[in-house]
Amino acid sequence: MPNDSNTGGVKLNKHAKGPRPQYFSDPASDKLLAMVMALAGEVSVMRDRNDTLERLIETKGFIDRSEINTYKPSKEIMAERDTWRESYLSHILRIVDLDTGDMGRNDISSEFQDIMDSV
Amino acid sequence: MQVRDYEQFAHAVLPEVTAEEFSRQEFVKSYKKHLATQVSPNTKVVYETQVKPAFEKEHGRTPKNRHEIRKAMNANNHYQTWSSLLRTSQEMMWKSCQVPVERQLDKLISNSRSTKNAGGSLKLDPTLDIPRYHTAVDIHCQPGGYHTEVAENDISAGAVYDRGVYIYAMGQLGPMNDDIGASTAAYLKYAYPDLAPTRILDLGCSAGHSSVPYKTAYPDAEIYGVDVAAPILRYAHARCESMSVPIHLSQQNAESMDFEDGSFDLIVSHILIHETSTVAFRNIMKECHRLLSPGGIVVHAETPPFKDMADDFDSFLLDWDTYNNNEPFWSKSHEIDPPSAAKEAGFDPDRNFEFMAPSAFEAAKENRTNVFQGGDFGGGGFWYLYGFQK
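Same order as they appear, the protein sequences are chains R and H. The numbering of the first sequence is this note's numbering, which starts it at 1 and goes up by one. The numbering of the second sequence is this note's numbering, which starts it at 1 and goes up by one.
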């Protein structure tokens, strides 16, 4: 595994001084969103790693874990990964894209009742 | 030194990243790009098709300014989601840059103290008060701001900031993060072809991103930089020396400096003013007037003011950072009126200028959104310059 644990003994404060705005009426939603995006980030990190692994297997025919840690993508592979992440983010944020259509309306209970009554 | 247009230039104190740390930063870059290009445009659609009609129905008129738009949008779920996503991306960005620095800070400090000597200098003042506009909140949500120190000879704030700026701008400021300085210098060469400064001062120079391109533009000039924060100045010094660019850095507040009257021909600042205050801006302008030689020029580079936005909605978008990214002076600083500021500081109001300078880093041109919106100021494609000649 990569040596990305903190061995220097220094701890930087991870929270910016100042109140964090509340975006949704329920603060739990803000937390949930942050969790989902952190998770999305970690999946993306794993995907990058897997991509690296597969490329090394392809070119070398065997796995050397230290090579995975030092692998540095080329400009072309970085562009491929950019494209993949773009599509990946479209999946994760699907619900946001729908805000401009019917799914974004939250005042449709009477309209939906009409549909129910009509069937 | 090898510079590639698709990655940050690896000078002696740029933090190294493991493959995983690099992927984490790359994710944040993609996440921000997705928000800027795919989600942000829908914010305007939602405003035009949902929020504005509802406001008009309730009030019998359209929203009269960016503040009314913000209040109406704050209640809209799409905007809440976009805002929450953008804020979260900013927090993830800083963390993705902090973890690698934490891991290798000893080595980075050691590197910073053993760089080659390019002829620059560093003068720190431990007695200098860090102004309240930097301590009240951590500006742009960088934990600890520019000034917090966690080790002896600390450079962590600079190391986090340097990488953070690159990720924030999604590389659009170039491999040296120097687009603002390079674009401003290009304007000065174009507008003032006879200007041959012998001493140039960069106010609030932070990591020296914008100071360095002045050495390219004016190779014979001596370049000076001031900043209030020691850890970022130590970092800037090591970075500039390792890039073989001599800059004379000192820890001073731009509101009151120890340089002699008339000792500079050119004074510049880059995205500094919005991180100060009303009183500080007034003081900085007076200091600029004092320090300039006759005919000397001061120019401040920022994102465009509200008056240059196409409409109130665009002003509202520009204003996002004020309320969501710990930028308390952003809003007021984008209302600065250069002619009034000129008069107040003793400059001739007829010799001030405003200019939209195109971004100098050409390689990013086709990917820019050309919109001035939270999370993507490197993508605006222009920098707003305002300046004064003594």
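Do not take every clue at face value.
Said to hold, decoys possible - Subject to a maximum C-alpha distance of 27 Å in a straight line, what follows is the list of computed DSS-like cross-link-like pairs (lysine-lysine):
no.	chain 1	residue 1	chain 2	residue 2
1	H	K44	H	K64
2	H	K95	H	K107
3	H	K286	H	K123
4	R	K17	H	K343
5	H	K116	H	K95
6	H	K71	R	K11
7	R	K31	R	K17
8	R	K31	H	K71
9	R	K75	H	K307
10	H	K95	H	K57
11	H	K332	H	K343
12	H	K365	R	K14
13	R	K72	H	K332
14	H	K123	H	K71
15	R	K14	H	K57
16	H	K307	H	K44
17	R	K17	H	K307
18	R	K31	H	K307
19	H	K71	R	K72
20	H	K343	R	K72
21	R	K31	H	K332
22	H	K44	H	K343
23	H	K107	H	K123
24	H	K71	R	K17
25	R	K75	H	K365
26	H	K365	H	K343
27	H	K44	H	K57
28	H	K307	R	K11
Claimed, not checked - Partial selection, computed: residues in chain H whose CB lies under 7 Å from chain R:
no.	residue
29	S83
30	C141
31	G144
32	H147
33	E149
34	S293
35	N326
Think of the hints as simulated: they come from the structure by calculation, not from any bench. Glycine included, every Cβ here is placed at the ideal spot set by N, Cα and C.
Outcome of the hint check:
Distance hint between K44/H and K64/H is fulfilled; the C-alpha atoms sit about 16 Å from each other, no more than 27 Å. A distance of roughly 19 Å separates the Cα atoms of K95/H and K107/H; the hinted pair therefore holds under the 27 Å criterion. Under the criterion of a C-alpha separation no larger than 27 Å, the hint pairing K286/H with K123/H is consistent with the structure, at around 23 Å. Proposed proximity of K17/R and K343/H is contradicted: the alpha carbons are some 36 Å apart, above 27 Å.
The hinted pair formed by K116/H and K95/H fails the criterion: a straight-line CA distance of about 30 Å is larger than 27 Å. Restraint check for K71/H and K11/R: the C-alpha separation of about 38 Å exceeds 27 Å, so the hint is violated. With a C-alpha separation of about 18 Å, the suggested pair K31/R and K17/R falls inside the 27 Å cut-off, and the hint holds. This hinted pair checks out: K31/R and K71/H have alpha carbons roughly 22 Å apart, not beyond 27 Å.
Between the alpha carbons of K75/R and K307/H the distance comes to roughly 40 Å, so the proposed pair goes past 27 Å and is violated. With a C-alpha separation of about 44 Å, the suggested pairing of K95/H with K57/H is violated against the 27 Å cut-off. At most 27 Å may separate the alpha-carbon atoms for a hinted pair to count; K332/H and K343/H meet this at roughly 18 Å. Note on K365/H and K14/R: the hinted pairing is violated, with a Cα-Cα distance of about 33 Å set against a maximum of 27 Å.
A hinted pair counts as satisfied when its Cα atoms are at most 27 Å apart, and K72/R with K332/H does not qualify at roughly 44 Å. Distance check on the hinted pair: K123/H and K71/H sit about 46 Å apart at the alpha-carbon level, beyond 27 Å; violated. A C-alpha spacing of about 44 Å is found between K14/R and K57/H, which places the hinted pair above 27 Å, so the restraint is violated. A threshold of 27 Å between alpha carbons decides the hint, and for K307/H with K44/H the separation of about 19 Å falls inside it, so the pair holds.
A distance of roughly 31 Å separates the Cα atoms of K17/R and K307/H; the hinted pair therefore is violated under the 27 Å criterion. Distance check on the hinted pair: K31/R and K307/H sit about 36 Å apart at the alpha-carbon level, beyond 27 Å; violated. The hinted pair formed by K71/H and K72/R fails the criterion: a straight-line CA distance of about 46 Å is larger than 27 Å. Under the criterion of a C-alpha separation no larger than 27 Å, the hint pairing K343/H with K72/R is inconsistent with the structure, at around 54 Å.
Among the hinted pairs, K31/R with K332/H is inconsistent with the structure: their alpha-carbon atoms are about 31 Å apart, more than 27 Å. For the suggested pair K44/H and K343/H, the alpha carbons sit about 38 Å apart, so the restraint of at most 27 Å is broken. Between the alpha carbons of K107/H and K123/H the distance comes to roughly 22 Å, so the proposed pair stays at or under 27 Å and holds. Between K71/H and K17/R the CA atoms are separated by roughly 24 Å; this keeps the pair inside 27 Å, and the hint holds.
Among the hinted pairs, K75/R with K365/H is consistent with the structure: their alpha-carbon atoms are about 17 Å apart, no more than 27 Å. Taken as a hint, the K365/H and K343/H pair is broken in the structure, with Cα atoms around 37 Å apart against an allowance of 27 Å. This hinted pair checks out: K44/H and K57/H have alpha carbons roughly 18 Å apart, not beyond 27 Å. Note on K307/H and K11/R: the hinted pairing is violated, with a Cα-Cα distance of about 43 Å set against a maximum of 27 Å.
For the restraint placing S83/H at the interface with chain R, the shortest Cβ-Cβ distance is roughly 5 Å, inside the 7 Å limit, so the hint holds. Because the smallest distance between the Cβ of C141/H and any Cβ of chain R comes to about 4 Å, under 7 Å, the interface hint for this residue holds. For G144/H, the interface hint holds, since its Cβ comes within 7 Å of a Cβ in chain R; the closest pair sits about 6 Å apart. For the restraint placing H147/H at the interface with chain R, the shortest Cβ-Cβ distance is roughly 11 Å, beyond the 7 Å limit, so the hint is violated.
Contact between E149/H and chain R, as hinted, is not supported at the beta carbon level, the nearest pair being about 11 Å apart and thus beyond 7 Å. Against a cut-off of 7 Å between C-beta atoms, the interface hint on S293/H is violated, since the closest Cβ of chain R lies about 40 Å away. This hint holds: N326/H has a C-beta 5 Å from the nearest C-beta of chain R, less than the 7 Å allowed.
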